[in-house]
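A.B. asks: What follows is each chain in one-letter form.
There are 2 protein chains.
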Amino acid sequence: MVDNVNTTENQIFEAALKVFHKKGLAGARMQEIANEAGINKSMLHYYFRNKEQLFAQVFMKSYKRFMETILPTLNEQNTWEEKIPGIIEHYANVMQTNPHLAMFVINELRQSPQEFINIVKTNSFLDSVLITQLREAIQKGQIRPVHPIQIWITLISGIIFPFIAQPMIKATIGTDESVWDNFIADRKRLMADMVINYLKVF
Amino acid sequence: MVDNVNTTENQIFEAALKVFHKKGLAGARMQEIANEAGINKSMLHYYFRNKEQLFAQVFMKSYKRFMETILPTLNEQNTWEEKIPGIIEHYANVMQTNPHLAMFVINELRQSPQEFINIVKTNSFLDSVLITQLREAIQKGQIRPVHPIQIWITLISGIIFPFIAQPMIKATIGTDESVWDNFIADRKRLMADMVINYLKVF
DNA sequence: GTCTATAAGGTGATAGAC
DNA sequence: GTCTATCACCTTATAGAC
Chain A
1 MVDNVNTTEN QIFEAALKVF HKKGLAGARM QEIANEAGIN KSMLHYYFRN KEQLFAQVFM
61 KSYKRFMETI LPTLNEQNTW EEKIPGIIEH YANVMQTNPH LAMFVINELR QSPQEFINIV
121 KTNSFLDSVL ITQLREAIQK GQIRPVHPIQ IWITLISGII FPFIAQPMIK ATIGTDESVW
181 DNFIADRKRL MADMVINYLK VF
Chain B
1 MVDNVNTTEN QIFEAALKVF HKKGLAGARM QEIANEAGIN KSMLHYYFRN KEQLFAQVFM
61 KSYKRFMETI LPTLNEQNTW EEKIPGIIEH YANVMQTNPH LAMFVINELR QSPQEFINIV
121 KTNSFLDSVL ITQLREAIQK GQIRPVHPIQ IWITLISGII FPFIAQPMIK ATIGTDESVW
181 DNFIADRKRL MADMVINYLK VF
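Heads up: the protein sequence lines correspond to chains A and B, in order.
FYI, the numbering for the first sequence is 1 to 202, going by this note's numbering.
FYI, the numbering for the second sequence is 1 to 202, going by this note's numbering.
Don't read these hints as lab results, they were simulated from the structure.
All of these numbers come straight from a predicted model, not from anything done at the bench.
Just to be clear, a hint being listed does not mean it is correct.
Which chain B residues face chain A? A few, computed with CB under 7 Å, are given here [stated by the list, open to error]:
no., residue
1, 122
2, 154
3, 198
Residues from chain A that face chain B, not an exhaustive set, calculated with beta carbons under 10 Å [what the hints assert, rightly or not]:
no., residue
4, 105
5, 147
6, 162
Derived lysine to aspartate or glutamate pairs resembling DMTMM-like cross-links, with alpha carbons at most 25 Å apart [unchecked claim]:
no., chain 1, residue 1, chain 2, residue 2
7, A, 22, B, 115
8, A, 140, B, 193
9, A, 51, B, 68
10, A, 61, B, 108
11, A, 188, A, 76
12, A, 51, B, 108
13, B, 170, A, 186
14, B, 200, A, 32
15, A, 170, B, 32
16, B, 121, A, 177
17, B, 188, A, 81
18, B, 23, A, 108
19, B, 170, A, 127
We treat Cβ as the ideally placed atom computed from N, Cα and C, and that holds for glycine.
Could you build the full structure based on these sequences and the hints that come with them?
C.D. replies: The following block contains the structure:
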């Protein structure tokens, strides 16, 4: 399937992406996807055989958006200190553009068959430039000796979780859109500052 | 309904808690809950009328476990600096005891009716002792001037997210249980150190 | 309170005309 | 490729015997 072409197949796929992201595998209805696409329900089976296979394709695509898009940022030609704000910015953008993405991937992965878990293993960030850079800086005594993977998890936790918990946070700080935007702006600055500060000052 | 009594009603409720946590509202089946409880399916309707009302009760109970249990820790008679490791420890324990809890609450809250969102508003941590303490310390110039709410979100993000993303993390660092335990132990130390360090050193 | 049987409606999937 | 009609199954919910 070729992207960005307005074929029936692509229209269905985009609709499926939207509905599965919002409702999950169990909550999504083939009829709802058909309605969203403005296309007859039979066409879903014609192009994707059944719900299971349609979901599998949606999940793969979503996983790529969620994980693989970060790799270029991790492997850029700059210092680890420059990479950190870049990573934060990247994930904040992904989440803002697609608010259900992270939740969808993480949630479906909980009970998915091994098939899906395997694609996680084959897309590790462990051998990225960032991790290597942090490891080297630790060896040279330039930064605090922490597992680089802990730094990585700290970064993505601090950015992704607030988006996942968005409904709860908004109920607390206020539902106004500008309040949320300020919150996220603060969040990005804080996480970058805090992690860099922690690594350097010891 | 009284807790910890082995009535039919409680057996059903505990089974429902388990199944809903794992499968979510859309994925859970009344028959599966009945099987889990070892009780006839008709009894579910006898005691809880329908799936919707059973779910509502399960959600309320879960939300309390997820949020309200933290309030005592936030209001303890100690300094903010002592509270931070306490909060981290508390949430790590909650997540370890009930690995599906956070995901369930956050996930169902995404599309839940206003009814559920309202209980978030009425259980705010904004007026907790911790937040007050941080605000006062900022006014006195003792710690870095950051929104106390950002500190709070940083703490819970850094602990809850790793448990939510557990399948992905395990696929990366290894599925061995001792590896995971070490990872969490490191995580708890790192988050406490990093946040306290950031607030004090400026 | 507990059980069996069954109704009532929803949902994925296919057959077959065009 | 696209549509309508329809099947087969699943799931919630209830009626009614005990």
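A.B. asks: The structure should be examined with respect to each hint, and the outcome stated for every one.
C.D. replies: Hints, verified against the model:
1. Using the Cβ-Cβ criterion of 7 Å, the hint placing residue 122(B) at the interface with chain A is not satisfied: the shortest such distance is roughly 9 Å.
2. Checking residue 154(B) against chain A by beta carbon gives a least distance of about 6 Å; that is within 7 Å, so the hint holds.
3. A distance limit of 7 Å between C-beta atoms decides the matter here; for residue 198(B) the minimum to chain A is near 4 Å, and the interface restraint holds.
4. For residue 105(A), the interface hint holds, since its Cβ comes within 10 Å of a Cβ in chain B; the closest pair sits about 8 Å apart.
5. Checking residue 147(A) against chain B: minimum C-beta separation of about 6 Å stays under 10 Å; hint holds.
6. Nearest Cβ of chain B to the Cβ of residue 162(A): about 6 Å, under the 10 Å cut. The hint holds.
7. The suggested pairing of residue 22(A) with residue 115(B) holds, with an alpha-carbon distance near 19 Å, which does not exceed 25 Å.
8. For the suggested pair residue 140(A) and residue 193(B), the alpha carbons sit about 22 Å apart, so the restraint of at most 25 Å is met.
9. Only pairs whose Cα atoms come within 25 Å are accepted, and residue 51(A) paired with residue 68(B) is rejected, the gap being roughly 39 Å.
10. Proximity of residue 61(A) to residue 108(B) is assessed by CA-CA distance (about 23 Å); at most 25 Å being required, the pair is judged to hold.
11. Restraint check: the Cα-Cα separation between residue 188(A) and residue 76(A) comes to about 20 Å, which is no more than 25 Å; the hinted pair holds.
12. A C-alpha spacing of about 22 Å is found between residue 51(A) and residue 108(B), which places the hinted pair at or below 25 Å, so the restraint holds.
13. For the hint pairing residue 170(B) with residue 186(A), the CA-to-CA distance comes to about 30 Å; that exceeds 25 Å, so the pair is violated.
14. Taken as a hint, the residue 200(B) and residue 32(A) pair is broken in the structure, with Cα atoms around 53 Å apart against an allowance of 25 Å.
15. The straight-line distance between the Cα atoms of residue 170(A) and residue 32(B) is roughly 34 Å, outside the 25 Å bound, and the hint therefore fails.
16. Distance restraint check for residue 121(B) and residue 177(A): the Cα-Cα separation of roughly 17 Å lies within the 25 Å cut-off, and the hinted pair is therefore satisfied.
17. The straight-line distance between the Cα atoms of residue 188(B) and residue 81(A) is roughly 23 Å, inside the 25 Å bound, and the hint therefore holds.
18. About 10 Å separates the Cα atoms of residue 23(B) and residue 108(A), which keeps this hinted pair within 25 Å; it holds.
19. A threshold of 25 Å between alpha carbons decides the hint, and for residue 170(B) with residue 127(A) the separation of about 16 Å falls inside it, so the pair holds.
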